[in-house]
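**Q** Residues per chain are reported as follows:
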Amino acid sequence: MRIPGKGLIDRTKALTFRFDGSEYSGHPGDTVASALMANGVKLVGRSFKYHRPRGVLTAGSEEPNALIEVLEDGQQTPNVRATVQEVYEGLAVQSQNRAPSLKFDLLAVNDLAAPFFGAGFYYKTFMWPRAFWERLYEPAIRRAAGLGRLSGRHDEATYEKAWAYCDLLVIGAGPTGLMAALTAARAGADVILADEGARMGGALLSDMGQIGGQGSADWAASVLTELASMPNVRLMTRTTVTGAYDDGTYGALERVGLHVAPKADLPRECFWRIVTKRAVLAAGALERPIAFQNNDRPGIMLASALRTYLNRYGVVPGQRIALFANNDSARTTARDLHAAGVRIAALIDSREGASTDEPFPVHAGAVVSDTAGRHGLTSVTVRQGSREFKVEADALGLSGGWNPTVHLTCHLNGRPVWDDAIAAFVPAENAVPGLIAAGSAKGTFSTAACLAEGAAAAAVAIEALGLKAPIADIPAAADENPATEALWHIPTKPGLWNRAWLDFANDVTTKDVKLSAQEGFRSVEHMKRYTTQGMAPDQGKNSNVAALALLADVTGRAIPETGTTTFRPPFTPVSIAAMGAGGRAAGFAPQRFLTSDQASRDRGAPMIEAGLWYRPSYFPKPGETTWKEACDREVNMVRSTVGVADVSTLGKIDIQGKDAARFLDLVYTNTFSTLPVGRTRYGLMLREDGMVLDDGTSARLAEDRFLMTTTTAAAGLVMRHLDFVQQAFCAGWDVRTISVTESWAQFAVAGPLARQLLSSYLGTEIDLPFMGVAPVRIGNVQGRLFRISFSGEEGYEIAVPTRYGEALFRDLLARAELLGGGPYGMEALNVLRIEKGFITHAEIHGRVTAFDIGMEKMVSGKKDCIGKGASQRPGLSGPEREQMVGLTPVGEGVLTSGAHLYAKGAEATRVNDQGYVTSVGWSPTLNRWLGLGFLKNGRARHGEVIRMVDGLRGHDVLCTVSDPVFHDKEGAKLRG
Amino acid sequence: MRIPCPLCGLRDRREFYYYGSDDYLHRPGEGAAPEAWDAYLHLRDNPAGVTRDLWYHETGCTSWLVVTRNTVTHEILGAELVAGEGQGKPAPKGRRKAS
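As you go down the protein sequences, you meet chains A and B in turn. The opening position of the first sequence corresponds to residue 1 in the working numbering, with each subsequent residue numbered one higher. The opening position of the second sequence corresponds to residue 1 in the working numbering, with each subsequent residue numbered one higher.
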């Protein structure tokens, strides 16, 4: 029901939205909760376990009851708090955890069976038969106990993530935060003021008091106007600071597009990482309910929420409102309601000496012991001394005192401190370095004190940064404290169905906590897990302290002695989509494209990922129906005419300086200082632990300049390694390294006609010796020509600056095709190198030594190198090692990589395991399957027949062990 | 977590690659006994408190840094370049290292 003349919403405009299929009207500025309340809707949800009818409890993000599903475009966002979701034209929401309808929920039968559903019931009840748990019990429980449901479709909406930096982050824009932001901003600090509300002002928006002679909300508006005009201030509304992390980093979730109809160009949420030098926690305090029999009926809410609905939204949940409190703040609510013309049925104040001098009935020293009303409150039972009487009421405001919002101060392992004077936990000092708690978040509740503390906290923070805070001009404001007298729960009457709720969201009652203590779960951490108190979406914001107080009570301990559970980030739920913004589907990782990419795709080549690179798999010809046909043809083409392949993905590192050769001698096992200018050498690189790191060729371009090539897979790894070796072990050496992988496009031209192709293309007879390198000129473009081969054929690699790559590729292909050749892809490249026994990272996978791949002679005895010392340790060479071998099946049979090797006739068990297969391919050259693998003492076993078993794919074949080089062992073709 | 790179200033840890203890800077000389290599490669302290470890400013200046930090408080106490002063120095005395 709306109250005329009240509220900060725009009454001139009406908005239509739907709840559970029915159309309702609201105004700009309304939340779903306030708009439903205006329409007289009290019942908004069903509880988690007992399916009890529930209404709105709070007016903020801590809401435990009013969780709804937001529907749009077939999407369904569950567990949205109706107290946070703003109403917009066309919004559609529905209640959750009920069937078939909110009013008539079949699973409300759970409430009748409540005596069986106490804490831990399923640990006790669904024990046997064991097999029933996964198939029957768990699915049934999951259906019955629940929150909202997802649509089951991919979330196609846009999310963002962003970074921000500032001198001072102010968390919360109530009186404390506004004053802190203003003080720091006037001193010239870079300030971010973040507040989770749709409108800044915090509690001031619900307050009818005066600040500096203005209404509270007007004062907030004037401060915000000043802040907004300052270039050093960023105001972040709808932004919840969700976590405090190391070194002044805070996580924050901004609701960018959740308050308007979805738009394609508007992200729904943005996850911020805010890095700040200092922070002020001005997050305020959360009012807490009181546990008594049937305290969960629709119409029962926090007293502060009542005040917010009245003063901010101009709406009340009933026409005869009762209040029940152990402090003075509910009295302010009662006065505001009374002044607005709402009938106050009674103010029930548990404090004996409470004043009864009000224009409405006040019962001092009284408590509420029970309530009535199934789908909405109808009356409350008041107990005063030995007397009990009923008060008719359709709404009840509760106030059990205030809990400072200490959460962020606990995120770096800080523990809050109990303060008996306010019966609440307050933040420990310096629990998060650089974060100062102030105002209600620190347990200081009066508006005047909050303003002063906000200014003081900001002054301390910015003075630490060397800024001078001007003398704060603190406006006059009310200086009232709630004077809370601890009251946690009113004992229920005997009876199995009489329950008093602590945790509304998870349906945890006082009985559950008592049962927990009774059954030995006396530690607060055990009680939490046994009862699930505090484990719902509200993370116990409404129930932790009361549950703790009850546990302290029943275990005969004081509250500080009982301790608290741990508050962890996030403060409110954060969608994974926001945290992982940009990490979905294509583009989740950077994509690296070759200069030949389009030319390859134009020829129909399917692309295959190689790290972040996309490389052509094969180039299908008309009539070819399988990849293998194309691959076989491409292999034959390279072996008989000429093939062209893009090899730009290989890492390229430019190494320069007088000590460049000395440096390569240190990082390679073999010697490079003896390499003449104009020549290239194959090099092997070890890790310091003696395992092979990478292999590749390095060309000496000048006396003091080398160009190193790495494998595609290890390009980054090798760069990092070179930087480490150079910076850590080469003090005073004249050597510098830089990656030039992206600067050059490089193409392999391989096959018997490779020289002919290049000679005609370059217009000069190529006369480069095997492993030679020379500069070449293509028109006006300066390039490089290497005579190196990964295919076993006479092979060249020609490199040009990247921007000429595509043109060169197309030219080379055109020439190759004239000679009966063409492009070849990764599949053919792989078969060609297996035929030659050349290794890739399939073989040098990090657990093999130079000895294992038969290259121990490449570890020079004349000099030190990285990995040499460790490679000589016992156990890294010898017959016990698995050594690289070639494998061919005996007769018909398929080899598979990943398969394991056993002695012929041995059982395929772990203890009999003698090695494994790393690479396989069908060789069209030799007309059989070829494999490379590692076999225990393999080099001494050439000619032996062994057993290969692939348990996963069901292969069991005999194969012959051989030297890994299958084709042109002498290298006659290579050297041409 | 933010690391004060001596060249780039205070930067987010996502820009850095973590390697391990700064023990890796004290490489045994040529011909050192297998025990020395074993200690260099494998034997590490696991202090609850101040530790020095190696970070690579991979997406920044490509400097290797020795970062001093406290594993208990997460405090970063300083960062220095591996290149320069600290290069190639023998292992400080008192470290658990075979020689």
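Take these hints with a grain of salt, some might be off.
One-sided and incomplete, this derived list gives chain B residues near chain A with beta-carbon spacing under 7 Å [said to hold, decoys possible]:
1. L25
2. E30
3. P34
4. C61
5. T71
6. H74
7. L77
8. G78
9. V82
10. A83
Here are some chain A residues pointing at chain B (derived, C-beta under 7 Å) [claimed, not checked]:
11. D723
12. F724
13. G875
14. K904
15. A908
16. R910
Keep in mind that the hints were calculated from the coordinates and are not lab data. Glycine included, C-beta positions come from ideal geometry on N, C-alpha and C.
**Q** With reference to the structure, classify each hint as holding or not holding.
**A** Hint check:
For B/L25, the interface hint holds, the least distance from its beta-carbon to any beta-carbon of chain A being 5 Å, beneath 7 Å. At about 4 Å, the closest approach between the beta carbon of B/E30 and any beta carbon in chain A falls short of 7 Å, and the interface hint on this residue holds. Checking B/P34 against chain A by beta carbon gives a least distance of about 5 Å; that is within 7 Å, so the hint holds. For B/C61, the interface hint is violated, the least distance from its beta-carbon to any beta-carbon of chain A being 10 Å, above 7 Å.
The beta carbon of B/T71 comes no nearer than 12 Å to any beta carbon in chain A, farther than 7 Å, and the hint placing it at the interface is violated. Given the 7 Å rule on beta carbons, the hint for B/H74 holds: about 5 Å separates it from the nearest Cβ of chain A. For B/L77, the interface hint is violated, since its Cβ never comes within 7 Å of a Cβ in chain A; the closest pair sits about 12 Å apart. Because the beta carbon of B/G78 sits about 13 Å from the nearest beta carbon in chain A, more than 7 Å, this interface hint is broken.
The interface hint given for B/V82 is met, as the beta carbon of that residue sits about 5 Å from the closest beta carbon of chain A, less than 7 Å. Hint status for B/A83: holds, given a least beta-carbon distance of 4 Å to chain A, under 7 Å. At about 5 Å, the closest approach between the beta carbon of A/D723 and any beta carbon in chain B falls short of 7 Å, and the interface hint on this residue holds. The beta carbon of A/F724 comes within 6 Å of a beta carbon in chain B, closer than 7 Å, and the hint placing it at the interface holds.
A distance limit of 7 Å between C-beta atoms decides the matter here; for A/G875 the minimum to chain B is near 10 Å, and the interface restraint is violated. Using the Cβ-Cβ criterion of 7 Å, the hint placing A/K904 at the interface with chain B is not satisfied: the shortest such distance is roughly 37 Å. Below 7 Å, beta-carbon pairs count as interface contacts, and A/A908 has none with chain B, the closest being about 33 Å; its hint is therefore violated. Restraint check, A/R910 versus chain B: the minimum CB separation of about 26 Å is more than 7 Å; hint violated.
Going through the hint list in order, the structure does not satisfy hints 4, 5, 7, 8, 13, 14, 15, 16.
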